[in-house]
Amino acid sequence: MKPIIFSRPMTQVIPMLAGIIAMAGLLLASCQARRSSEAGAINAQEAAQRVYVAPGKYDEFYAFMSGGYSGQVSVYGLPSGRLFKIIPVFSQNPENGYGYSEETKPLLMTSYGFIPWDDAHHPELSQTNGVPDGRWLFINANNTPRVARIDLKTFETVETIEIPNSAGNHSSPFVTENTEYVVAGTRFSVPTPQQDVPIDSYKKNFKGVLSFIKVEPSGDMDLAFQVIMPGFDYDLAHAGKGKSKDWVFFTCYNSEEAHTLLEVNASQKDKDFVAAINWKKAEAYIQQGKYHQMPGTYYDNRFDTSTQTARSFVHKGVKVLIPAECPGLVYLIPAPKSPHGVDVDPSGNYIVANGKLNADLSVFSFDKMQQAIQQKQFDGEVNGIPVLKFDATLAGIVKSGGLGPLHTEFDDKGNAYTTFFISSEVVKWKLGTWQVEDRQPTFYSPGHLMIPGGDSRKPWGKYLVALNKITKDRYLPTGPELCQSAQLFDISGDKMKLLLDFPTVGEPHYAQAIPASILMPQSDKIYSLANNRNPYVTKTEKEARVVRNGRRIDVYMTEIRSHFVPDNIEGIHLGDTVYFHLTNLEQDWDAAHGFAVEGNRDNAELLLMPGQTKTLKWVPQRVGVFPFYCTDFCSALHQEMQGYIRVSAPAEQVALSWSTGKE
Amino acid sequence: MKTLRHIMAPGKKRIAHVFMLGAVISSVFIYFFPLWKITLYAPQYPQGIRMYIWIHKITGDDAYTLQNINILNHYVGMKDIDPHAVPELHYFPYALAGIIFLGIMAWLMKKRWMYLAWAFVYALLSVMAIYDFYRWEYDYGHHLDPKAPIKVPGMAYQPPLIGVKHLLNFTAISLPEWAAGFMLVSIILGFAAFICCRSTSVKEQINHHDLLPADSSQASVLLHH
Ligand SMILES: [Cu+2]
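First to last, the sequence lines map onto chains A and B. Per this note's numbering, numbering of the first sequence is gapless, rising by one per residue and ending at 663. Per this note's numbering, numbering of the second sequence is gapless, rising by one per residue and ending at 225.
Misleading hints may appear alongside valid ones.
Unchecked claim - In silico contact screen, one side only, chain A against chain B (beta carbon under 10 Å); selected entries:
1) Gly56
2) Lys525
3) Ile526
4) Ser528
5) Leu529
6) Ala530
7) Ile560
8) Ser562
9) Gln587
10) Asp588
11) Ala636
12) Leu637
13) Glu640
These are computed hints drawn from the structure, not numbers from a lab. All values derive from a computational prediction rather than experimental measurement. All C-beta atoms in this analysis are idealised placements derived from N, C-alpha and C, irrespective of residue type, glycine included.
In isolation and in its complexed conformation, chain A is listed as follows:
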């Protein structure tokens, strides 16, 4: 039999041949693509040398990664990817008693009560003149809207502030150029103020509130004002810089204002928006009294470093601005379908909005936007907010060929780097030419990416970290749950080079990094005992004591290598509540002590740094003699660092007494 192909008329053969040739062409092209990506890769030995930090040597950068649903921040070294510390922020941490000790419990207080967990997404370093300055790190709580401030001298959470009238605090906490404000935009629109209404009254009752938190020079945060926006979902934000420093940009999706099956119903319109807010104008409107007072109870919890204690301040009412009443306050820029990240380049002129259901990136120009505003190139309005013409504001489109662009950061050489979630890659492109320069696969599905200083005016464009969502096949399996992971790329050359995979804590959403040379010299080594103004401090062993006040027992106890004073306590009765006020008398770097007592039903342990005082509440459950001990291997005689507390029945006549070293 003759092959079928020859029996067919030539008219059919030609298109078939053309098809085969096209296939071959595609194969060739893909081979070339693979080869070029291999050219970007480097061998394992070279990569190892690039990330290897020899024993006793320091990393070049500190990286702060959000712990996602762990509610924490983890601190890594770059380029080694070594984990240094986990800073508890929105979650209780049994490791050091954060959220268990009486001093830190107030940091987790909200208008809903004590909430010991949250979902933390975006760490953000404080900036001066648009450059990370190493004073503080901010991070948002997504679930119960809050913003926290971490002091980078101690790497401890020192403030949490609740955001009223907000839900899903996702577009947060991005800072303005001199950390004048931290923003907190709501991801979910909700009835504002909250009330019991039918969900299908969404379009009528639901609003999206964008909050501006003022940051004092001391670092203290205050909710300054809110802007009541249409009931969209506000996804991400970034403040302008340089010429655009007075502005903050928010992406929004669900401009359809759907309230059910959003994956379909919020994906109908071809364009959603970038909301541009002029915070300088907002300040002026507030000063002119053009605000409304809206209800809203919220907590501001501040950790006072001199008393080593957090206190909660409850605030009621908030100033709100309504855009329709405040011309020039807000403009909407149409952006391709369901934009996610909104990122401003180091010059402050280009605003990159990535349509996450799109293949291309739209880059807007701040200059063009200003021009469009002046020339009133509007395309209608929403709730009294002018919508600018898309073409009038567009600087360029990056035709990438990838799928699902999410986030963009910048280097110091005029390049931008964008993650593509669906096609699982990082794409490098040039500002101005909008041409793709390089692309590297990630493993797998990257969300945010981070370049040290990559969202500031001065990127330290040496490394790029891709924060991936999936790790299948990359690590040893650990049951159904695999580790979370990040990947480090060298971006110092023309081509990105993958250097390192390293596992991370929780699901890291975003990260920030800063040269070690900025943070290292200012890091505190101890807490000064002399300056410890905790009301329950015990500064010398002579002052150690036990005080009864009705059913309350206050134990003023000291710790030093390797004993407690007192270490024998008697005269406690069932029904008493014991407060152990521990003070670590050490003034030596890294001389920490712990404290734990048996049968502590409601609490964890304490971990005390040198000079710190912390209080653990203990309600004895049984009659007996219960040991307490140091939990941190502090010295050669750490195992001897222990004591006993005796609990007697209420009827027993046991006098209150305490001692150490009495045989």
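Starting from the known structure of chain A, arrange chain B with the ligand on it as the hints suggest.
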């Protein structure tokens, strides 16, 4: 040599006077710098802990160093180092003030024997002070609490007076500091003041007789003696 001596000759008495003033000033500096430094290195203290002994106090790298050293020392039963419990730190500053006073007297009176006596007494007192320091080190290192948690038979923890010594996990380095240098300079200048004058009176006469015609300035030197 002859020429140099020749040039200096007219002012030798004056140079002795300057030396003596230098000796006094150098002694004043002793108040402002540590005399001795003991550095302790251990695996747990890679940057080392430094203790400074001054004429009137004991200090460390920071306000807490002594407390930290005492915490470490208590494991082997050493007493707390408490500067308030060291009487020398109270009267040494006065002793030094006395020496400075005597130095000023010698300087004012411009007597050779006084330069010598002053330098001699000063040197003697300095040696005694160093011996006293040694005695303290000995006491701290040898008189240990019998109930100490860590007891190593035959082990004493006396740091070296000068030099390096290994004490369990610690390497102790003891070295003089700036003030000790000023003290030494003072004493040397004191002796120099004495020797300088002597050379003027004795050698210049020889020089004069053997080689040189007397000139007016030399004559004035000779006249003084
Ligand atoms: Cu301990």
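To see whether the hints hold, each was checked on the structure:
no.	hint	result
1	Gly56	holds, 8 Å
2	Lys525	holds, 9 Å
3	Ile526	holds, 7 Å
4	Ser528	holds, 9 Å
5	Leu529	holds, 8 Å
6	Ala530	holds, 8 Å
7	Ile560	holds, 6 Å
8	Ser562	holds, 8 Å
9	Gln587	holds, 3 Å
10	Asp588	holds, 4 Å
11	Ala636	holds, 7 Å
12	Leu637	holds, 6 Å
13	Glu640	holds, 8 Å
In summary, this structure violates none of the numbered hints.
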